[in-house]
Amino acid sequence: MTTATVILGLVVATALAFDFTNGFHDTGNAMATSIATGALRPKAAVLLSAVLNLVGAFLSVQVALTVTNAVVKIQDKSGAPSAALLADGGYALLLIVLAGLCGGIVWNLLTWLLGLPSSSSHALFGGLVGSAIAGLGLSGVNWVGDGSKLDGVVGKVIMPALLSPVIAVVVSTIGTWLIYKITAGVAQRFQEAGFRWGQIGSASLVSLAHGTNDAQKTMGVITLALIGAGQWSDLTAVPLWVKVTCAVAIALGTYLGGWRIIRTLGKGLVEISSPQGMAAESSSAAVILASSQMGFALSTTHVATGSILGTGLGRRAEVRWGVAARMLVAWTITLPAAALVGAAMWFIGHLLGGLLGAVVVFALLVGLAAYMWVRSRRAPVDHTNVNDAWDTDASKLSETLATSPARI
Amino acid sequence: MNNIGLAFDGAWKVLVAGVLLGAGLPAIFALGIRALAYGAGGDAEVDHEAGHPIGKVLAILCFALVVIGIALGITYIVATGFGKTLSFQNFYPTLVSK
Chain V
1 MTTATVILGL VVATALAFDF TNGFHDTGNA MATSIATGAL RPKAAVLLSA
51 VLNLVGAFLS VQVALTVTNA VVKIQDKSGA PSAALLADGG YALLLIVLAG
101 LCGGIVWNLL TWLLGLPSSS SHALFGGLVG SAIAGLGLSG VNWVGDGSKL
151 DGVVGKVIMP ALLSPVIAVV VSTIGTWLIY KITAGVAQRF QEAGFRWGQI
201 GSASLVSLAH GTNDAQKTMG VITLALIGAG QWSDLTAVPL WVKVTCAVAI
251 ALGTYLGGWR IIRTLGKGLV EISSPQGMAA ESSSAAVILA SSQMGFALST
301 THVATGSILG TGLGRRAEVR WGVAARMLVA WTITLPAAAL VGAAMWFIGH
351 LLGGLLGAVV VFALLVGLAA YMWVRSRRAP VDHTNVNDAW DTDASKLSET
401 LATSPARI
Chain P
1 MNNIGLAFDG AWKVLVAGVL LGAGLPAIFA LGIRALAYGA GGDAEVDHEA
51 GHPIGKVLAI LCFALVVIGI ALGITYIVAT GFGKTLSFQN FYPTLVSK
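In the order they appear, the protein sequences are chains V and P.
Under the working numbering, the first residue of the first sequence carries the number 1, and numbering increases by one thereafter.
Under the working numbering, the first residue of the second sequence carries the number 1, and numbering increases by one thereafter.
Calculated directly from the structure, the hints in this document are not laboratory data.
Hints are not guaranteed to be accurate.
As the list claims (entries may be wrong) - Taking lysine-lysine and the PhoX-like style, the derived pairs with C-alpha atoms no more than 25 Å apart in a straight line are: (1) P/K56 with V/K181; (2) V/K77 with V/K149; (3) V/K77 with P/K56; (4) P/K84 with V/K243; (5) P/K13 with P/K84; (6) V/K77 with V/K181; (7) V/K181 with V/K73; (8) P/K56 with V/K149; (9) P/K56 with V/K73.
As the list claims (entries may be wrong) - Residues from chain V shown here face chain P by an in silico Cβ test under 7 Å; the list is partial: (10) L110; (11) L113; (12) L150; (13) I167; (14) I179; (15) F190; (16) L205; (17) V244; (18) T245; (19) M278; (20) A279; (21) V287; (22) A290; (23) M294; (24) A297.
A virtual CB, placed ideally from N, CA and C, is assigned to each residue, including glycine.
Sequences and hints are given; from them, build the entire structure.
Structure, rendered in structure tokens:
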């Protein structure tokens, strides 16, 4: 086995690990409301979501080979990697991709530990931006595109992040308000059963859309790495094994369930009833589908969170603004934070160079991941306690962790 | 900066579509539930009788509309994966290549 093959293997493993974190980070986007209202038992909800993500991943026949073009300049319009990065079996390209993926994973794990829903795509983009700046300089980043369409960091990340939660809040506020107006005075037994089904249906739609959108990104990144290393040359197709492994990775991640995040979304922001759950998921599904129709790249996480917030507003229920504010902060720093990690990883890999550099970067990632997992075990959140009342000491853990890490 | 103009241009379209589908369909669903309960005791009911048959018909109509909406949504997701998209040019939805 040559050095290049080993590095390529590390990149593929890291990309699949990212896909896995992408899965559990986003389970809550679709299923948090159904779990919180008891429409589905927690295990059933994550299983349903995992299956739909798996199906969704296989449905995406179209090739997302140019996924990195949104934010960095390491491949051309056709998807072929930049020729300048291809020396030594594509080492320069592979290191940028590896470091970028590490940035995305580390940020995903940290926000999961803190129970904060943050965008996995923005974490991936952030990591890539960081490693591209480190490796290629500021010109390696696609900041604004060429102006003909929404593109670059501004068009694909910043503007959608600002606008999509607002859109989701408006849609779901209106939806909730209408539902409560229309069903006011209707006997409870009709409402419970009906809205439960509505909720499950709309949440399933969100899961399916998630599988088609997000698994593709990792498929694109892995295929780019394979092309860079000279192991694949077809710019119009993704190797079958890449498709299968990515689909399985995102589904397994989803099934694992990011219980901390599910808890924050389902119990932390607002107390959700079945009609609200249905309003939130319908709003998410409609906004996600409408925006992908119009080429408006937005994050499932931002939409789902906005929708859940909106159902609180539409019913004039209590919204825990403190929780919302922490999420907002997390969203704002997702890109720069993941970029910092991505850049740091690139420098470490570059300084050590060659196989050693890549192996050390990978080892660092494994170490950080293990550390965060161990930290999470001190106050585990799983399917048994995901729905516990929010305002108790135990559930303040994530806050305590965030404010005074030294104490725990 | 062009991106900002383009973003708002896309955003309001998403908002309109989102309100129509994301709030409109749940509202129709809610109407269906209201219809289902038509004739049955309200919030404070004790008798648990079945709703009026006409209500049931209306409810099924409402639910059918919602199901069509969801079916269109799924069709759209699947079609996108195969490089096609839904076109509403003939008013009724048709699949076209992107």
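Status of each hint after checking the structure:
1. P/K56 with V/K181: holds (20 Å)
2. V/K77 with V/K149: The hint holds at about 14 Å.
3. V/K77 with P/K56: Measuring from Cα to Cα gives roughly 55 Å; hence the hint is violated.
4. P/K84 with V/K243: Holds, because 20 Å separates the two Cα atoms, which is no more than 25 Å.
5. P/K13 with P/K84: Roughly 20 Å between the alpha carbons, so the hint for P/K13 and P/K84 holds.
6. V/K77 with V/K181: Distance of about 50 Å is beyond 25 Å: violated.
7. V/K181 with V/K73: The given pair, whose Cα atoms are some 51 Å apart, is violated under the 25 Å limit.
8. P/K56 with V/K149: violated (49 Å)
9. P/K56 with V/K73: violated (58 Å)
10. L110: Constraint on V/L110 not satisfied, violated at 28 Å.
11. L113: Check failed: Cβ of V/L113 comes no nearer than 32 Å to chain P, outside 7 Å.
12. L150: Result: holds, 5 Å to nearest chain P Cβ.
13. I167: holds (5 Å)
14. I179: holds (4 Å)
15. F190: Status holds, d = 4 Å.
16. L205: Since chain P brings a Cβ to about 6 Å from V/L205, closer than 7 Å, the hint holds.
17. V244: violated (15 Å)
18. T245: For V/T245, the interface hint is violated, since the closest Cβ of chain P sits about 18 Å away, which is over 7 Å.
19. M278: Interface hint status for V/M278: holds (6 Å vs cutoff 7 Å).
20. A279: holds (5 Å)
21. V287: holds (4 Å)
22. A290: For V/A290, the interface hint holds, since the closest Cβ of chain P sits about 4 Å away, which is under 7 Å.
23. M294: holds (5 Å)
24. A297: Violated - the Cβ of V/A297 stays beyond 7 Å from chain P, reaching only about 9 Å at its closest.
Comparing the model with each earlier hint shows violations of hints 3, 6, 7, 8, 9, 10, 11, 17, 18 and 24; every other hint is respected.
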